[in-house]
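Trainee: Protein chains in written order, with my numbering: chain G, 2 to 500; chain U, 2 to 500; chain Z, 2 to 500; chain Y, 2 to 500.
What the hints contain is simulated information worked out from the structure, not anything from laboratory work.
It is possible that part of the hints are untrue.
No copy labels: a pair is met if it fits in one copy or bridges any two.
Capping the alpha-carbon separation at 30 Å, the derived lysine-lysine pairs in BS3-like fashion look like this [stated by the list, open to error]:
#, residue 1, residue 2
1, Lys419, Lys399
2, Lys134, Lys175
3, Lys241, Lys134
4, Lys399, Lys345
5, Lys345, Lys367
6, Lys419, Lys241
7, Lys431, Lys175
8, Lys241, Lys367
9, Lys134, Lys438
10, Lys241, Lys399
11, Lys260, Lys192
12, Lys241, Lys442
13, Lys192, Lys493
14, Lys135, Lys493
15, Lys260, Lys134
16, Lys419, Lys175
17, Lys345, Lys135
18, Lys241, Lys260
Note that the structure is predicted; figures quoted are calculated from it, not measured.
Number of protein chains: 4
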Amino acid sequence: MEFEESGIGEECGVFGCVAAGEWPTQLEVAQVLTLGLVALQHRGQESAGIVTSNGASPPTYTSHKGMGLVSTAFAPEALLQLRYGNLGICHTRYSTTGFSELQNCQPFVVDTLHGRIAVAHNGELVNSRALRKKVMRHGVGLSTGSDSELITQLLALTPPMEELDTPDWVARIKNLMTETPTSYSLLIMFKDVIYAVRDPYGNRPLSIGRLVPISRLHKEDTEGWVVSSESCSFQSIGAKYYREVLPGEIVQISRFGVKSLSVIPRPEGDLPAFCIFEYVYFARPDSIFEGQMVYTVRQRCGRQLAIEAPTDVDLVSTVPESATPAALGYAQQSGLPYTEVLCKNRYVGRTFIQPNTRLRQLGVAKKFGVLTDNFAGKRVVLIDDSIVRGNTISPIIKLLREAGATEVHIRVASPPIKFPCYMGINIPTKEELIANKPEFKDIAGYIGADSVEYLTVEGLVSAVQEGISSFQKENVSSYKEVGHCTACLTGKYPVELEW
Amino acid sequence: MEFEESGIGEECGVFGCVAAGEWPTQLEVAQVLTLGLVALQHRGQESAGIVTSNGASPPTYTSHKGMGLVSTAFAPEALLQLRYGNLGICHTRYSTTGFSELQNCQPFVVDTLHGRIAVAHNGELVNSRALRKKVMRHGVGLSTGSDSELITQLLALTPPMEELDTPDWVARIKNLMTETPTSYSLLIMFKDVIYAVRDPYGNRPLSIGRLVPISRLHKEDTEGWVVSSESCSFQSIGAKYYREVLPGEIVQISRFGVKSLSVIPRPEGDLPAFCIFEYVYFARPDSIFEGQMVYTVRQRCGRQLAIEAPTDVDLVSTVPESATPAALGYAQQSGLPYTEVLCKNRYVGRTFIQPNTRLRQLGVAKKFGVLTDNFAGKRVVLIDDSIVRGNTISPIIKLLREAGATEVHIRVASPPIKFPCYMGINIPTKEELIANKPEFKDIAGYIGADSVEYLTVEGLVSAVQEGISSFQKENVSSYKEVGHCTACLTGKYPVELEW
Amino acid sequence: MEFEESGIGEECGVFGCVAAGEWPTQLEVAQVLTLGLVALQHRGQESAGIVTSNGASPPTYTSHKGMGLVSTAFAPEALLQLRYGNLGICHTRYSTTGFSELQNCQPFVVDTLHGRIAVAHNGELVNSRALRKKVMRHGVGLSTGSDSELITQLLALTPPMEELDTPDWVARIKNLMTETPTSYSLLIMFKDVIYAVRDPYGNRPLSIGRLVPISRLHKEDTEGWVVSSESCSFQSIGAKYYREVLPGEIVQISRFGVKSLSVIPRPEGDLPAFCIFEYVYFARPDSIFEGQMVYTVRQRCGRQLAIEAPTDVDLVSTVPESATPAALGYAQQSGLPYTEVLCKNRYVGRTFIQPNTRLRQLGVAKKFGVLTDNFAGKRVVLIDDSIVRGNTISPIIKLLREAGATEVHIRVASPPIKFPCYMGINIPTKEELIANKPEFKDIAGYIGADSVEYLTVEGLVSAVQEGISSFQKENVSSYKEVGHCTACLTGKYPVELEW
Amino acid sequence: MEFEESGIGEECGVFGCVAAGEWPTQLEVAQVLTLGLVALQHRGQESAGIVTSNGASPPTYTSHKGMGLVSTAFAPEALLQLRYGNLGICHTRYSTTGFSELQNCQPFVVDTLHGRIAVAHNGELVNSRALRKKVMRHGVGLSTGSDSELITQLLALTPPMEELDTPDWVARIKNLMTETPTSYSLLIMFKDVIYAVRDPYGNRPLSIGRLVPISRLHKEDTEGWVVSSESCSFQSIGAKYYREVLPGEIVQISRFGVKSLSVIPRPEGDLPAFCIFEYVYFARPDSIFEGQMVYTVRQRCGRQLAIEAPTDVDLVSTVPESATPAALGYAQQSGLPYTEVLCKNRYVGRTFIQPNTRLRQLGVAKKFGVLTDNFAGKRVVLIDDSIVRGNTISPIIKLLREAGATEVHIRVASPPIKFPCYMGINIPTKEELIANKPEFKDIAGYIGADSVEYLTVEGLVSAVQEGISSFQKENVSSYKEVGHCTACLTGKYPVELEW
């Protein structure tokens, strides 16, 4: 909940779909894409784009992009326009860099000598400056600031284009992967296939699902394949979780099915570096990463927190809704009763209150209703998933006290955030992070709590990895190693950063 | 949660504010009104309107109305335009009757011989047909189908208007109350006062709050008074709960404070008839009615349900979010663990999917993510707050079974709805209600559950009234009697219906 | 052209249509109404409204209103919604009085004891204050500031409504006409008829047309009847001019044809008072009033101006486009060549230039291109149709001089405006009118012209009436008298004004 | 007027401005650009874009693009955002090619190794296919179908980019001009200068103006420089016509003034090929090309037409508004009186009438009012500027006959259009052009006229060139040759077309 206020956010979600069987397909590909994108909306709310292809030779692509939520950007007319596709990819975007907003919308589509390709990207290339310079030195003008355009130009650039009948895109993708180590989960559409690519560190998630017939859910012949930043999008379109794209893997998805083409290795000795904050905050709780449900990991974090930082209070509660799994975990582990103390006013959103008014001071109080009778006269431990700047938990504590809580303790189900992310997450500057401020020494006093404690980095890592190891042993022999990026907590980045 | 799908809904919310102290006030009345209205948004999403008055002689009124949510209807320019008011009333509306949408927006404002009045109404006049005819027979043309216009014309009509210096609006309001027994909670603004009126049966809620200085929350001199359909709106504007308007009471709210002018009695022998469904479903859980928090009543309903209809299962869960208090109550009473099995996709809203497509069949599944690992291989009792048509709980049960629930039992924290409401609630026709269909005999089979049980009417009434009696004894000596309208469950309407 | 800048404008246009033949009609009544309204758009651009009726017992009315131009207010969905009507009336509106914009949109529709009526009004009731008080004294609340609502309530009010099978609306209309002498052209729709009414002074125009089959233009059986503020709207819907509604006349238009029901007389000795500015400026040049084409009248004004105020110059030109007929008349009478010196930039409209900038000073120059080669080195007489505030002709003169005109003389094809209008025209306050300012003595110097002369009132009246007399003799025996309202020029109002 | 209906249209307009004097400038560059663009709106209504630069090292560019008219695309916020520029270029666009609408909006902006450049283009590269292939073979992906992007990539591509302090853009522009002969008028903005470039054939227009202080119009020190597709835009921003960019010329415009850098020659023996249809139809009448006002040329065309194709009628008239200069010329030459027979309904625009209705048949009649009394009983010659498909003049003739014209003769002030344009004009396919249909043999019968005659190609060319020769002799010694592109009339294209 802190994140929303503090401007921390995932930068993108990607989604793709290929209809199986005879083409033109009976499957409403544009609708599957739209619903899939809606289910990834929490990963980006600034713009949305869909590109579909009819898969013919040469293919016809249709494309629509718009600012705002998927529901805003895709009016019925736009969907109608896209309806003839047999496959397609789409993208939802959080923040805007570069000099023209809509132009930065993905997927990015370009004509090359070998035909039109479309690219959707989640992540952030750590060496994008050097790569941009390289591309421009070759005489290419770059029209947006997006990594997505950069990737398309890199794909087009090397090795030199020749007029071939069968262009070797896979070779070009492998070449791209040697140029940039991380971070990217990519969907590349060319005519009748989608290449799903994950960087060798597996920093950003990417999962594959099978689109099964709705009415006969367990029938053998599938109706299509989908690929998504998060598996939470599968259920809303009637798809079943199939598997993750592995770190470094290039997967080809076509009407004929899913085929692993290659797995590009990491430098010797490097571990995978899947973003641990996908577990802590970004992902939807029903998504599955590395074989485990995000909700379960958060619950384990709550249990671990109860072990590391117990409290002597009357009840455990949550800052709804994201901290609820951790709060329930804390309650289970501690044996304290779980009680709701706040209810959310889901209509608050944007009301056009002028900035410098008395009511502004109410701040976050506008967003929550206080369930007074549930805690008046009692001692409360409130579980939050993170504290970024510290200026939003503070009014909540005040509300609870005014409504009669005798003590308010804060337990945070993740360690303090101290470092910037260069791999796709939008984090406030180092100076804005409460953990880097002098006030952090007396954080409880600063935010008005009776006590504040955080989960340790070790506690978090073990809560995350505990579930994976068992999963690995049983299921995925190819998962040789386990590792997570904790850079924002520890400052240890998975690759050396160039400037 | 069923309600949203089935079209059951509250028809209105009303809110008013009077600044205390010197006028022109320093209080941003228009902003208080807007925020207050946002907190009542769950009572109506189709249109919103605000009317402010500067309170002078003669007064200047400013007004803005718009379709959609408050945030849509009130752009910054609109607020700017309203900013000079010293008092005001506002309204949010659910459904549209009559022949012109925006025209039916409230508050309704008219010029009378005695000056301009504005009226905001929550409820539905049981004898509106007869009253419309009466008004029209007097030679008045009615430009909307709304009760709100009808009320203004009735106020203007009788007794005959004369050019008086001090029109007796209170006499007119009393006269109105003799013409129509229920249901209405009314705000009537005239120049510098708001009259807050509740019908003798108290069918619709209405509460008063004190607007205290934000920065010095407990200071003596208040900054204003507010009046609202629900007390949940008080917190978001920094107001404190003061008291309810009593059934039949006329309260005058002015810059000088709150004054009870009169309490119109019910016919001998009639009990109050506050809508029991405000507790069951409509109200926000942090609102206070009859001295008790709605959340607490819902929790008691869950406990009562556990007593009346126990189950032998592994875990208790909820259809988020409205059934959660009842589910927690059921868990506490039964001793079963409370576990989340579904998470909500808050971005679903309106996506423009054509009606007759394959994806339409997915229905409610689009709205929920399934937290598989929390219940796979287990027996679940799912608490819902009501079942109206039965066509939305069904796909949820299917989802849970497919994800591995071995048994799914449904317990409903309210009795079956069997009868229409003529007092302000939008309910499907008798034929559409599942409780009136032949399938109801085997409701479990029909919706695919292992068992289905409802709370009894007696159980509901006792769960509601249990909290009031203690409240009454301790606090409100004037509350002589307790009674609730259960017409939609029992067919017993508080007054005889005319046709 | 001056008018646009100076805020002078017509206040309304009304239009109605009744399909002839079998109902449900094959005629697209809503489309005829929309196109008819578009052709009256010059009479009001602030809002538009259409109400249609299916003509059944009881009738179903459909209604749509919106702010802005017809093309903005009537999206395809709105038209679709209205499509089942067999008859309908509509309205386009210029200015907004009263406290709620959209609410003031016409037609005004009300339910009365005798059923629903809809009223569209062009004009302004001279005694509206007294009438409002009368209505309110009867106990009626008035929800808008519009005369249109006032008229509907007056129609409903007296004589007392009784539950009759056949309400006598005509008696009610006659009664209304005794209550208010002017100014109004009214369309009143009740179930299956439209009553077209013009006040006894005939101050505002109203004409009837026959809607003939498009493909067989001269066939006998018509497809419907239309009634409009101006006959210019007939051609755009394939209708033929039939006749004017006479001053004081009540005409009933139904599927069975057009029937004159009554002609209410003026007080003895009073002449008709058709607004002379309809000829001078407001009406479209192809409209017909009193048997003569507006363009022809304007041309005659130009000829008369050449007689009254000749010039010794090289060429005659126009401020496009409204002054062109007068300029051509001036050229014909004077024998001077007619030459264009300005071309209009039709895209200027609203560009969002901040008020206090250097470019603001360019003013009207943005709107016109100067055709330098046509007049450089020459003496020009520029014909304008009126000068209201004098601040727009001034930059044009400057433009012409800078481009090389050696002399610029201004001749105005109407007399100076000196008095306010209380009968439906929006005119700046007396103080803003250039003719009432001290500068008017040296108007030429003030605006930078070599000379300025106006048409005399006598010249204007004779140019207007010259065409009517011949028309009368030949065609309309019932037209006993000729007279025009020249109040804004002379201060002589057709009726005594009450305050 | 025919053009609008038939889809013939100019494809673009370009405009640029550089503030002179100290930077940051006091000149509102964004406002000058917006007003300049509005004055070019007739050259493209589908989208508009502005890019401004602060001119610093490195420069900051701000950019805004939008669909629709300038007034729609540039809301006040957009202008506010652009306000800090010291120079800028902008573009208005007619038609959409390529696969994403807004993406095709110009100016096109790219980052190159040498910094960011912005390009606005009017015209169409005759060899764009070959050039696209060349660029793509180099490994560049092209994200739009626009020539503008192609030009930026060509500029970036060759000769190879090196990291220089002072990149030689002029050499790159010269290189571009050797790659493609025509047609283009280009504005290229780089940091603090605008390069204005016209192809060696001078196919598209481009003029330079001096922005003088508004209040002291003749002062020596200018406030800036502007460059525009048409000089008509100068007046609306207070600029004075300076000169044309010559065919093949590269002009540098900076805060220090205007400097001619180079003139690239045409192949030996080739004449200039300025589009003759700019004179006939596209340009605004107050624009100046080759030293003469467009209006004057059109008038000469009318005179020439009267010589080539006289008629024995009572009056000459025009299809307003574009044919009016020719009609006045015809009247002057023939001695026949000039009379208006049609007036335009300027509000028609888009009304949402469904396609297959009775009213559709009314067609163009909706757009015009008939001034019956001006021509009833008379013989009319109607001057039109061109006939493309012949389906719009036809209903006009019918209207005039029905209103009483005894004869209707058509004279067209340009020759028949027979061939497609590949140099920037949107013309219907060869098959759709009336001049290529069998019906053309009896064109008068086909459109219902008493006679139809066209201006000859020779007549048109002499009417156009007559004014230039005298201008050349007197003013521009560098204009060695005169020539015009008449390809759409004669099939003689200025360069050989590649396929």
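Trainee: Hints first: check each against the structure and report whether it holds.
Mentor: Hints and how they fare:
In this homomeric assembly, Lys419 and Lys399 come within 30 Å of each other (Cα to Cα) only inside a single copy, at 26 Å, whereas the closest approach across copies is 45 Å. Taking the closest pair of Cα atoms, Lys134 and Lys175 come within 30 Å of each other both inside a single copy (20 Å) and across two copies (25 Å). Taking CA atoms no more than 30 Å apart as the test, Lys241 paired with Lys134 passes in neither setting, with 42 Å inside one copy and 43 Å between copies. Taking CA atoms no more than 30 Å apart as the test, Lys399 paired with Lys345 passes in both settings, with 16 Å inside one copy and 28 Å between copies.
For a Cα distance limit of 30 Å, the shortest separation of Lys345 from Lys367 qualifies both inside one copy, at 9 Å, and across copies, at 22 Å. For the identical chains of this complex, Lys419 and Lys241 are neighbours neither inside a copy (38 Å) nor across copies (39 Å), given an alpha-carbon limit of 30 Å. Taking the shortest alpha-carbon separations for Lys431 and Lys175, neither the intra-copy value of 35 Å nor the inter-copy value of 49 Å comes in at or below 30 Å. Only between protomers do Lys241 and Lys367 lie at most 30 Å apart by alpha-carbon distance; the minimum there is 14 Å, versus 39 Å within a single protomer.
Taking the shortest Cα distances, Lys134 and Lys438 never come within 30 Å of each other, neither inside one copy (36 Å) nor across copies (56 Å). Taking identical chains as interchangeable, the C-alpha atoms of Lys241 and Lys399 lie at most 30 Å apart only when they sit on different chains, with a minimum of 15 Å there against 45 Å within one chain. For the homomeric pair Lys260 and Lys192, the shortest alpha-carbon distance inside one copy (17 Å) is at most 30 Å, but the shortest distance between copies (49 Å) is not. Taking the shortest alpha-carbon separations for Lys241 and Lys442, neither the intra-copy value of 48 Å nor the inter-copy value of 35 Å comes in at or below 30 Å.
For a Cα distance limit of 30 Å, the shortest separation of Lys192 from Lys493 qualifies neither inside one copy, at 40 Å, nor across copies, at 40 Å. For the identical chains of this complex, Lys135 and Lys493 are intra-copy neighbours only, at 27 Å inside a copy versus 45 Å across copies, given an alpha-carbon limit of 30 Å. In this assembly of identical chains, Lys260 and Lys134 lie within 30 Å of each other by CA distance neither inside one copy nor across copies; the values are 34 Å within and 32 Å between. Proximity of Lys419 and Lys175 under a CA criterion of 30 Å is satisfied in neither setting, with 34 Å inside one chain copy and 53 Å between copies.
Taking the shortest Cα distances, Lys345 and Lys135 never come within 30 Å of each other, neither inside one copy (50 Å) nor across copies (45 Å). Taking the closest pair of Cα atoms, Lys241 and Lys260 come within 30 Å of each other only inside a single copy of the chain (17 Å); across copies the shortest separation is 63 Å, beyond that limit.
Hints 3, 6, 7, 9, 12, 13, 15, 16 and 17 from the list above are not met by this structure, while the remaining hints are.
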